[in-house]
Amino acid sequence: MKFSEKKRKVIIYSATVLTMMGGVLPNTICAHDNINKTLKNVSLNENAHVKDVVSSGDLAKLYMLGILSSEGVSERKMPSSEMKIDKAELVRNDLIAVTFSTVLKRIDKNDIAFKGGENVISIQNMTQSVNKKGQTVVLFQISTKIRGNVYAEVVRKEATHSLTQDKRQKLQDIRERFDKIGKVVTVSKDDKGDYRTVQEAINAIPSGNKEKVTVFIFNGVYKEVVTVAEDKDFVSLIGENVNKTKLTYDNYSGKEKRGGGTYGTSGSASVYIYGDDFTAENLTFENSFDEKSVDVKDEQAVAVYTKGERQVFKNTRFIGNQDTLYTKEGTQYFYKCYIEGDVDFIFGGSQAVFEKCDIMSLTRGSSTVNGYVTAPSTQITEEYGYLFIKSRLLSNAEDGTVYLGRPWHPGGDPNAIGSVVFRESYLGSHINKQGWTDMSGFSYRHARFYEYKNHGPGVAFNDSREQLTREEANQYTIQNVLNGWNPKEKAESKR
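The letter at position 235 of the sequence shown is residue 226 when you use the working numbering, and the numbering goes up by one with no holes.
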């Protein structure tokens, strides 16, 4: 998208930025707290907060684009008396984001100008925040439409503080990127979003939905059972911070239901995902059932139950014990996720790929058997089941007390011939040298359990742990396992 040839001059009246305490940026910038601190000493609305400049939905988009961040600062920068513009972006017709090279100690008004003609664009409101690099970002709400090429630069040589007068920065037009995010609804515990619960936001999405809808969830613990129904496709759940945005509940298999009976394994999940083309990112999914809290035989407690096609999970955490992640059917792709549990905590009959994930086996206090990573129930008609690639199998259990997996035959189904491949992954010392074991009278030797080029102290070569040849391993690609779907194609095409 290009600007028209008409030119205007835009003078932005800057302001003194609040000096950070002790000269160090705080570890976390909260979406509705620190970010609301406005610039002082300006001839504008001094009471302007970020909600006066952008809506909660647009704030979510700024996080998603990386313009702002509330996840803390990965590269902490000290405040500096020198200042230069790193970039200036036209986000919306009425919103400009100016990113500076560091944390600003001070900016005086008239230090910055947007040059492109003789006219002046008036500023209605302004506020400040940071991005993940620790750079100060100033948001300007404008009332005049910008046309023509506009350049941002430091203009005051006679300033009392040292300014870096570097090359001018052209105002980048990112309106198309901003708009492509599509519809965003927000969830917040403190009434600053569109909804207070995740399920309310999902319920607001019409049945038969065919357009991308993002439910952006601000930090908080949301104790509720969440369901994305099968008639609600193209839904994304995006958290503000993977460690601080949690969806949780505490049902378990043996828990009695009000109407009689028990929940069972399938009924114990905290989150159910049936819709196709689903995405989850920057979230923690949890089943918080405490196995020690009750004396019950059926301790299965699912965090997430998936049954849909082309479902993607990025930078998400799955927390539980027995049966944490139930991939019932369909195709799922997990990228840079953390999955925690002990017994059969990744199980089901779907075709799923786990790439660059951390798989954490929790100790059950045993010196012999502490659990099983997988329990696949792949149908014999499916050529592939689970593929773990370039992942890490970690644990706090004793050495040799955890198995890679065992074959699950639901209801004794003879056609559930599980398929699991671990390739090019790190196997910790907790992995038993036999690797695989039997389940409910079914032998692991009849399942499709293979390895290829793994490394780490948990690796062993014996007749119980079949290794793929290079030619065989070449067939276990992401696209093949996911029935011809390559979830990385879309992401790579955006770069």
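The hints are simulated quantities; they were obtained by calculation from the structure and are not laboratory data.
Don't take every hint at face value.
With a cut-off of at most 20 Å between alpha-carbon atoms, the simulated EDC-like pairs for lysine to aspartate or glutamate come out as follows [stated by the list, open to error]:
1) Lys381 x Asp349
2) Lys235 x Asp349
3) Lys106 x Glu144
4) Lys180 x Glu191
5) Lys203 x Asp349
6) Lys174 x Asp267
7) Lys123 x Glu191
8) Lys106 x Asp181
9) Lys214 x Asp170
10) Lys327 x Asp349
11) Lys298 x Asp181
12) Lys248 x Glu290
13) Lys479 x Glu191
14) Lys444 x Asp429
15) Lys235 x Glu272
16) Lys305 x Asp267
17) Lys479 x Glu300
18) Lys347 x Asp241
19) Lys305 x Glu331
20) Lys381 x Glu300
21) Lys288 x Asp349
22) Lys171 x Glu331
23) Lys180 x Glu215
Estimated spans, in silico, between C-beta atoms of each pair [what the hints assert, rightly or not]:
24) Lys203 x Gly402: 34 to 42 Å
25) Gln470 x Lys201: 42 to 50 Å
26) Lys288 x Ser434: 22 to 30 Å
27) Arg166 x Asp241: 39 to 47 Å
28) Lys161 x Arg383: 41 to 49 Å
Bear in mind that the values here come from a model prediction, so they are computed numbers and not experimental data.
Even for Gly, the Cβ is constructed at its ideal location relative to N, Cα and C.
Results for each hint:
Of the supplied pair hints, the one linking Lys381 and Asp349 holds, its CA atoms being roughly 10 Å apart against a limit of 20 Å. Among the hinted pairs, Lys235 with Asp349 is consistent with the structure: their alpha-carbon atoms are about 19 Å apart, no more than 20 Å. Simply put, Lys106 and Glu144 have alpha-carbon atoms about 8 Å apart, close enough for the 20 Å limit, and the pair holds. At roughly 12 Å between alpha-carbon atoms, Lys180 and Glu191 fall within 20 Å of each other, so this suggested pair holds.
The hinted pair formed by Lys203 and Asp349 fails the criterion: a straight-line CA distance of about 29 Å is larger than 20 Å. Between Lys174 and Asp267 the CA atoms are separated by roughly 17 Å; this keeps the pair inside 20 Å, and the hint holds. For the hint pairing Lys123 with Glu191, the CA-to-CA distance comes to about 30 Å; that exceeds 20 Å, so the pair is violated. As the CA atoms of Lys106 and Asp181 are separated by approximately 41 Å, the hinted pair breaks the 20 Å bound.
A C-alpha spacing of about 32 Å is found between Lys214 and Asp170, which places the hinted pair above 20 Å, so the restraint is violated. Using a Cα cut-off of 20 Å, the hinted pair Lys327 and Asp349 holds, with the two alpha carbons roughly 7 Å apart. For a cut-off of 20 Å, the pair hint linking Lys298 to Asp181 is broken: about 32 Å separates their Cα positions. Proximity of Lys248 to Glu290 is assessed by CA-CA distance (about 15 Å); at most 20 Å being required, the pair is judged to hold.
A distance of roughly 31 Å separates the Cα atoms of Lys479 and Glu191; the hinted pair therefore is violated under the 20 Å criterion. Between Lys444 and Asp429 the CA atoms are separated by roughly 24 Å; this puts the pair beyond 20 Å, and the hint is violated. Distance hint between Lys235 and Glu272 is fulfilled; the C-alpha atoms sit about 13 Å from each other, no more than 20 Å. Proposed proximity of Lys305 and Asp267 is supported: the alpha carbons are some 16 Å apart, at most 20 Å.
With a C-alpha separation of about 15 Å, the suggested pairing of Lys479 with Glu300 holds against the 20 Å cut-off. For the hint pairing Lys347 with Asp241, the CA-to-CA distance comes to about 28 Å; that exceeds 20 Å, so the pair is violated. At most 20 Å may separate the alpha-carbon atoms for a hinted pair to count; Lys305 and Glu331 meet this at roughly 15 Å. The straight-line distance between the Cα atoms of Lys381 and Glu300 is roughly 23 Å, outside the 20 Å bound, and the hint therefore fails.
A threshold of 20 Å between alpha carbons decides the hint, and for Lys288 with Asp349 the separation of about 29 Å lies outside it, so the pair is violated. Between Lys171 and Glu331 the CA atoms are separated by roughly 34 Å; this puts the pair beyond 20 Å, and the hint is violated. Straight-line distance between C-alpha atoms of Lys180 and Glu215 comes to about 12 Å, which keeps the hinted pair within the 20 Å bound. As the Cβ distance of Lys203 to Gly402 is approximately 38 Å, the hint placing it in 34 to 42 Å holds.
Judged by the Cβ atoms, the range 42 to 50 Å given for Gln470 and Lys201 is violated: they are separated by roughly 24 Å. Between Lys288 and Ser434 the beta carbon distance is about 25 Å. The supplied range of 22 to 30 Å therefore holds. In this structure the supplied range 39 to 47 Å holds for Arg166 paired with Asp241, their Cβ-Cβ distance being about 44 Å. Checked against the hint of 41 to 49 Å, the pair Lys161 and Arg383 passes, with Cβ atoms roughly 43 Å apart.
Violation of the numbered hints given earlier is confined to hints 5, 7, 8, 9, 11, 13, 14, 18, 20, 21, 22, 25; the remaining hints are satisfied by the structure.
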